[in-house]
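Based on the sequences and whatever the hints tell you, model everything.
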Amino acid sequence: MNLLDPNQGAKELLLGNEAIVRGALEAGVGFISCYPGTPSSEVPDTFFRLSPKGKYYFEYAPNEKVAMETAGAASLGGVPTLVTMKHVGVNVAADPLMTLAYIGTPGGLVILSADDPGCHSSQNEQDNRYYARLAGLPCFEPSNAQECKDMTRDAMELSARWEQPVLLRTTTRVNHLRGSVEFGEMKPARTKGEFRKNPGRFVPIPAVARVRHKVLTANMEKIRTEIEDSPWNRSWGEGTVGVIASGVSRSYLKDVLQSFPEIQVRVLELGIAHPFPEGTVRNFLSGLDKVIILEELEPILENDVRVLCQKNGLDLEVIGKGVELPLWDEYSTLCVEQALLKTLGLEIKKDPVPDPDIADLPGRPPNLCAGCSHRSVYVNVRKVFGDEAIYSSDIGCYTLGILPPLKAADFLLCMGSSISSGCGMSRVVDNPVVAFIGDSTFFHSGITGLINAVYNNYDIILVILDNRTTAMTGHQPHPGVDQSLYGLRPGNIEIEPLVRASGVEHIRKVKALNQKAVLEALEEFKDTSGVRVLIAEEPCPLYAKRVLGVKRSKIAVVKESGPASIECLSNLACPAFFLEGETVRINPDTCAGCMVCVQICDEIKPGSRS
Amino acid sequence: MKPLRVFFTGVGGQGTLTATKLLAETALEQNIQVNAGEIHGMAQRGGVVHSFVLLGGYLSPKISQGEADVILGFEPMETLRALSFLKKGGLVLSSEDPVPPISVATGKQTYPSLDYIRSETIKYSPDARFIPCIALARRTGVVQTANTVLMGAFFSMDLLPFGLEVLLDSIKKRLKPGLVDANLKAARLGARFVNNNN
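Listed in order, the protein sequences are those of chains A and B. Under our numbering, residues 1 to 610 are what the first sequence spells out, in order. Under our numbering, residues 1 to 198 are what the second sequence spells out, in order.
It cannot be assumed that every hint is accurate.
Stated by the list, open to error - Lysine-lysine pairs mimicking BS3-like chemistry, simulated, CA-CA at most 30 Å apart:
(1) B:Lys-185 <-> A:Lys-545
(2) B:Lys-123 <-> A:Lys-55
(3) A:Lys-554 <-> B:Lys-173
(4) A:Lys-11 <-> B:Lys-123
(5) B:Lys-123 <-> A:Lys-349
(6) A:Lys-407 <-> B:Lys-108
(7) A:Lys-350 <-> B:Lys-173
(8) B:Lys-2 <-> A:Lys-349
(9) A:Lys-11 <-> B:Lys-21
(10) A:Lys-53 <-> A:Lys-383
(11) A:Lys-342 <-> B:Lys-88
(12) A:Lys-55 <-> B:Lys-21
(13) B:Lys-88 <-> A:Lys-349
(14) B:Lys-21 <-> A:Lys-551
(15) B:Lys-176 <-> B:Lys-21
(16) B:Lys-172 <-> A:Lys-11
(17) B:Lys-176 <-> A:Lys-55
(18) A:Lys-53 <-> B:Lys-172
(19) A:Lys-511 <-> A:Lys-554
(20) B:Lys-123 <-> A:Lys-383
As the list claims (entries may be wrong) - Just a sample of chain B residues kept apart from chain A, beta carbon distances all over 10 Å, derived:
(21) Lys-2
(22) Lys-62
(23) Leu-83
(24) Glu-96
(25) Pro-126
(26) Phe-130
(27) Val-166
(28) Leu-175
(29) Val-180
(30) Ala-182
(31) Leu-184
(32) Val-194
Stated by the list, open to error - One-sided and incomplete, this derived list gives chain B residues near chain A with beta-carbon spacing under 7 Å:
(33) His-50
(34) Ser-103
(35) Arg-129
(36) Pro-132
Just so you know, these hints were derived from the structure itself, not from any lab. Note that the coordinates shown come from a computational prediction; the quantities given were computed from them, not determined experimentally. For glycine and all other residues, C-beta sits at the position ideal for the given N, C-alpha and C.
Structure representation (structure tokens):
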């Protein structure tokens, strides 16, 4: 497969996120920035992987705000631009986003917001279609791989034509589906533009902003007219019951209709539901008795339809959020089927299959990998601070330390919050507070919290779990990673001097797998006050193996399983350990050779991987 | 072809996503309409991984309860946990090699017996097959081919509009050269196992 194929015609199986890349390439994207985050990560990662051959400029930013500001200005300079992030990343980038909608984006700017209904890998399931309404952004919502490509291309073109930023709003299922995509022709990438100075437009002092707000409103009205006739908003089918569907719900609906031909409805698919295509919807509603609205999460279209009915004196039943169609989680063919059957008063006989009895099955929560250095640090933190300390956690693999026996997460807000919110906690309680943050998250938005900790004289211990990569989202580089690994600018920004420059006096840097060093540093910190920072460094074992090519020939072997091995197993919860009857064993295929257990337990010794 | 929904369940790190992609790409190459769905990220760290391949015209990227024609279980307890996704008359193909979750490994909970898992599974899928994927994979010299053993079994059971030979070609075409031989062997071993033990 060649995503950079300039010609049309190829047909490939693409991940939704790869299709977005192709769509942007077909529109001649010249500048891409991002902060990675599931489920958006494969978009920037694909651009990064292809960047030696691609004609565009790509970079990973330290956070979404920086990505939005960099990308926004690239589009001000006339270059077609894409910026990608997960839904909560848009919160970080919301400030520049709001202004960009006012001053406009001459080269075109598409913002990918990858939402996560069902919270597959996020702290909330906020519905970022609201951002389209809040900021004033046309919003595209693809439902399959082909649409991911075509809508990205169209969104970039619409953005450039109207000089307004456009939201490409996807959901986890769409980002991570695979479907066939037919390639279109690729426009040459435009990486150089021209900035036409116009402070009366681009500098939103109050006098300018007032005018620009009106321009934005007028532009959105014009775009509304344009999308009334868009092929992305189309109706089909027959009946007096209508269904208005958006996003991936359109696919669920089509599968239900295909499986049950007895369900007869008229369908309006809204691929671009903002600005709300009032004329199209009004025409669709005429002659209907009832309309079902299919949209995951918030009742945004439902409310738009209710307003439209009230304005136009339309008397029809609007069926939206309710038992079958909840405000939370993902939709499915099943819930769509139930909503349709109920509304139509149909019953379809199905052979019910009883649920298997799985209530007592052991759960399988995600766990830190074998060899993960976070486990090594957590074990020692627990040894020194136990249950007395309050653990302020952050976003990354290390959040997985939440479960027993590590129990290293007591509260968490968002990316970069552990230091600042740890400070807030420490001022109002008497317990010691230990904050954890990863390297990428520290660069993302931990630094200002650390400066505040010094500035406002807090008593807090910060452990920077530096595994030298952005581990959870797939090993993307960040400012602390030496870019020469990737054939880019050599050198990196070290964390220790940054911490020192923030005014921290108590700093210890240790090898995270070295039990003695970690323990000693923590014990020393326990007896001091002020801002204390432990930098525990060790490459993520998956990253070390896959990217750095590190091979660990040694593994840990239980020589004689006794009480100490049992205790080690209970304290570490390492996935390489298991009990066989009463005997502790270590799976040689799973052991990563970190040797933490060997340092803790006399009954476990180094052995060879044979 | 008759539309077919294939449900993959396993544990992060077992190669279920590789198998999902392999089936989806192979189907597209055989001119079968295909949609597949995966979940990436946090769950992959040793958690349960569900993925889906929908063949023959479905547009959805996932499978709901009671919809799967086939469940491919890469871990027996996860097979059991996923049975509600099987449709009446559907088929289960599963590995019989437990990957103990942390609560079991630390002795806090008990892993269900394989006999129990089999007897429950057979209630849903009388023709269910359990395959010693790890033992067969070891015979190839590369234990990580356990997922391919299961795929070999699946491709050889006449449920798909293409057979084992197509899988073998696909392995040759898509896998890194160094991994091809072991995976070819693994696929054949899986196929032989289900066909010799009817």
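For each hint, the structure was consulted:
Proposed proximity of Lys-185 of chain B and Lys-545 of chain A is supported: the alpha carbons are some 26 Å apart, at most 30 Å. Distance check on the hinted pair: Lys-123 of chain B and Lys-55 of chain A sit about 57 Å apart at the alpha-carbon level, beyond 30 Å; violated. Only pairs whose Cα atoms come within 30 Å are accepted, and Lys-554 of chain A paired with Lys-173 of chain B is rejected, the gap being roughly 34 Å. Our distance criterion of 30 Å between C-alpha atoms is broken by Lys-11 of chain A and Lys-123 of chain B, whose separation comes to about 42 Å.
A C-alpha spacing of about 21 Å is found between Lys-123 of chain B and Lys-349 of chain A, which places the hinted pair at or below 30 Å, so the restraint holds. Taking the CA atoms of Lys-407 of chain A and Lys-108 of chain B, the gap is near 16 Å; set against the 30 Å cutoff, the hint holds. A threshold of 30 Å between alpha carbons decides the hint, and for Lys-350 of chain A with Lys-173 of chain B the separation of about 42 Å lies outside it, so the pair is violated. Proposed proximity of Lys-2 of chain B and Lys-349 of chain A is supported: the alpha carbons are some 21 Å apart, at most 30 Å.
Distance restraint check for Lys-11 of chain A and Lys-21 of chain B: the Cα-Cα separation of roughly 16 Å lies within the 30 Å cut-off, and the hinted pair is therefore satisfied. Pair hint Lys-53 of chain A plus Lys-383 of chain A does not hold up; C-alpha atoms about 51 Å apart against a cutoff of 30 Å. Pair hint Lys-342 of chain A plus Lys-88 of chain B holds up; C-alpha atoms about 23 Å apart against a cutoff of 30 Å. This hinted pair checks out: Lys-55 of chain A and Lys-21 of chain B have alpha carbons roughly 28 Å apart, not beyond 30 Å.
Annotation: proposed proximity of Lys-88 of chain B to Lys-349 of chain A holds, straight-line Cα distance about 13 Å (limit 30 Å). Distance hint between Lys-21 of chain B and Lys-551 of chain A is fulfilled; the C-alpha atoms sit about 28 Å from each other, no more than 30 Å. Of the pairs offered as hints, the one joining Lys-176 of chain B and Lys-21 of chain B holds, with about 15 Å between alpha carbons and a cut-off of 30 Å not exceeded. Between the alpha carbons of Lys-172 of chain B and Lys-11 of chain A the distance comes to roughly 21 Å, so the proposed pair stays at or under 30 Å and holds.
At roughly 28 Å between alpha-carbon atoms, Lys-176 of chain B and Lys-55 of chain A fall within 30 Å of each other, so this suggested pair holds. For a cut-off of 30 Å, the pair hint linking Lys-53 of chain A to Lys-172 of chain B stands: about 26 Å separates their Cα positions. Distance check on the hinted pair: Lys-511 of chain A and Lys-554 of chain A sit about 18 Å apart at the alpha-carbon level, within 30 Å; holds. Restraint check: the Cα-Cα separation between Lys-123 of chain B and Lys-383 of chain A comes to about 48 Å, which exceeds 30 Å; the hinted pair is violated.
For Lys-2 of chain B, the requirement that its beta carbon stay farther than 10 Å from each beta carbon of chain A is met, with the minimum near 13 Å. Non-interface call for Lys-62 of chain B relative to chain A: violated, since the shortest CB-CB distance, roughly 6 Å, does not exceed 10 Å. Listed as outside the interface, Leu-83 of chain B is inconsistent with that label: its C-beta sits roughly 4 Å from the nearest C-beta of chain A, within the 10 Å cut-off. The beta carbon of Glu-96 of chain B sits about 16 Å from the closest Cβ of chain A, which is more than 10 Å, so the claim that it is off the interface holds.
No beta-carbon of chain A comes within 10 Å of the beta-carbon of Pro-126 of chain B; the shortest separation is about 13 Å. Non-interface call for Phe-130 of chain B relative to chain A: holds, since the shortest CB-CB distance, roughly 16 Å, exceeds 10 Å. Against the 10 Å criterion, Val-166 of chain B stays outside the reach of chain A, whose nearest CB is about 15 Å from its own CB. Every CB of chain A lies more than 10 Å from the CB of Leu-175 of chain B, the least distance being 15 Å, so the non-interface label holds.
At the 10 Å boundary, the C-beta of Val-180 of chain B stays outside the reach of chain A, the nearest C-beta of that chain being 19 Å off. No beta-carbon of chain A comes within 10 Å of the beta-carbon of Ala-182 of chain B; the shortest separation is about 15 Å. Listed as a non-interface residue, Leu-184 of chain B keeps its Cβ farther than 10 Å from every Cβ of chain A; the least gap is roughly 22 Å. Non-interface call for Val-194 of chain B relative to chain A: holds, since the shortest CB-CB distance, roughly 23 Å, exceeds 10 Å.
With its C-beta approaching chain A no nearer than about 10 Å, His-50 of chain B sits outside the 7 Å limit, and its interface hint is violated. Look at Ser-103 of chain B: its Cβ gets to within about 5 Å of chain A, closer than 7 Å, so that hint holds up. This hint is violated: Arg-129 of chain B has a C-beta 18 Å from the nearest C-beta of chain A, more than the 7 Å allowed. Using the Cβ-Cβ criterion of 7 Å, the hint placing Pro-132 of chain B at the interface with chain A is not satisfied: the shortest such distance is roughly 16 Å.
Hints 2, 3, 4, 7, 10, 20, 22, 23, 33, 35 and 36 from the earlier list are contradicted by this structure; the remaining hints agree with it.
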